[in-house]
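Number of protein chains: 2
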Amino acid sequence: MKNKLKVERAIHDLTQADLAQKIGVSRQTINAMEKNKYVPSTVLALKIARLFKKPVEELFFLDEND
Amino acid sequence: MKNKLKVERAIHDLTQADLAQKIGVSRQTINAMEKNKYVPSTVLALKIARLFKKPVEELFFLDEND
DNA sequence: ACAAAATGTAAAATAAACTTTACTTTATGT
DNA sequence: ACATAAAGTAAAGTTTATTTTACATTTTGT
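Same order as they appear, the protein sequences are chains A and B.
The opening position of the first sequence corresponds to residue 13 in the numbering used here, with each subsequent residue numbered one higher.
The opening position of the second sequence corresponds to residue 13 in the numbering used here, with each subsequent residue numbered one higher.
By construction, these hints were calculated from the structure, which means they are not laboratory data.
There could be a bad hint or two in this list.
Note that identical chains are pooled: a pair holds if it fits in a single copy or bridges any two copies.
25 Å max Cα-Cα, derived DMTMM-like pairs, lysine to aspartate or glutamate [what the hints assert, rightly or not]:
| hint | residue 1 | residue 2 |
| --- | --- | --- |
| 1 | Lys34 | Asp75 |
| 2 | Lys34 | Asp78 |
| 3 | Lys34 | Glu76 |
| 4 | Lys47 | Glu20 |
| 5 | Lys66 | Asp78 |
| 6 | Lys16 | Glu69 |
| 7 | Lys18 | Glu69 |
| 8 | Lys34 | Glu20 |
| 9 | Lys49 | Asp78 |
This structure is a prediction, so every number in the text was calculated from the model and none was measured.
Sequences and hints are given; from them, build the entire structure.
Here it is, written out as structure tokens:
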């Protein structure tokens with residue numbers, strides 16, 4: 013799975029720490045998500061989508077590994 | 013988090029086993045998701061949304077616990 | 001160039017997702 | 001009522017998400 017977190021953060025001018033705090037996870041979790049180290053839970057995806065006011069599908073994408 | 017998996021399955025006339033097989037997880041995983049035993053990964057949410065041709069947000073919902 | 005902030009990374013620990021096996025209960029069709 | 005399919009459940013095991021701490025590297029502002 014891939015995502016556009018880094019782009020969205022840039023649009024909203026948020027640091028990884030800012031975003032982490034807003035959705036209630038550690039900064040490393042955000043960093044790891046952006047670096048595709050692991051797949052976040054659906055709760056996190058929904059919270060991030062809500063924060064950025066975009067559908068989950070515009071932020072997270074299945075890829076060939078999925 | 014809550015979800016409408018059971019309803020969607022009914023609409024599409026799929027058993028838990030059918031759905032499990034289509035998205036590549038065990039039947040118990042589907043059952044546990046429907047019974048809110050745990051939160052699925054974003055990959056699963058995206059696959060289920062794609063299968064049912066509905067946005068993730070129409071199938072999965074944050075609740076007060078999130 | 002320097003200081004500070006932001007990002008990247010990594011190891012160890014914990015929590016949670018997911019599988020497998022197996023059994024029980026409930027629903028459906030005849 | 002009976003047989004069968006579907007759904008519910010549970011324990012044990014494996015894998016993966018997430019946290020915490022800590023440090024290194026890169027970026028940004030002055």
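Evaluation of the provided hints:
In this assembly of identical chains, the alpha carbons of Lys34 and Asp75 lie at most 25 Å apart only when taken from different copies (17 Å versus 27 Å within one copy). Within a single copy, Lys34 and Asp78 get their C-alpha atoms only as close as 28 Å, which misses the 25 Å cut-off; across copies the closest is 13 Å, which meets it. With identical chains, the CA atoms of Lys34 and Glu76 are at most 25 Å apart between copies only, with a shortest distance of 16 Å across copies and 31 Å within one. For the homomeric pair Lys47 and Glu20, the shortest alpha-carbon distance inside one copy (14 Å) is at most 25 Å, but the shortest distance between copies (33 Å) is not.
When the C-alpha separation of Lys66 and Asp78 is checked against a cutoff of 25 Å, the pair qualifies both within a copy, at 22 Å, and between copies, at 18 Å. With identical chains, the CA atoms of Lys16 and Glu69 are at most 25 Å apart both within one copy (10 Å) and between copies (18 Å). When the C-alpha separation of Lys18 and Glu69 is checked against a cutoff of 25 Å, the pair qualifies both within a copy, at 15 Å, and between copies, at 22 Å. For a Cα distance limit of 25 Å, the shortest separation of Lys34 from Glu20 inside one copy, 14 Å, qualifies, whereas the shortest one across copies, 32 Å, does not.
In this assembly of identical chains, the alpha carbons of Lys49 and Asp78 lie at most 25 Å apart whether taken from the same copy (14 Å) or from different copies (23 Å).
Hint compliance for this structure: every hint is met.
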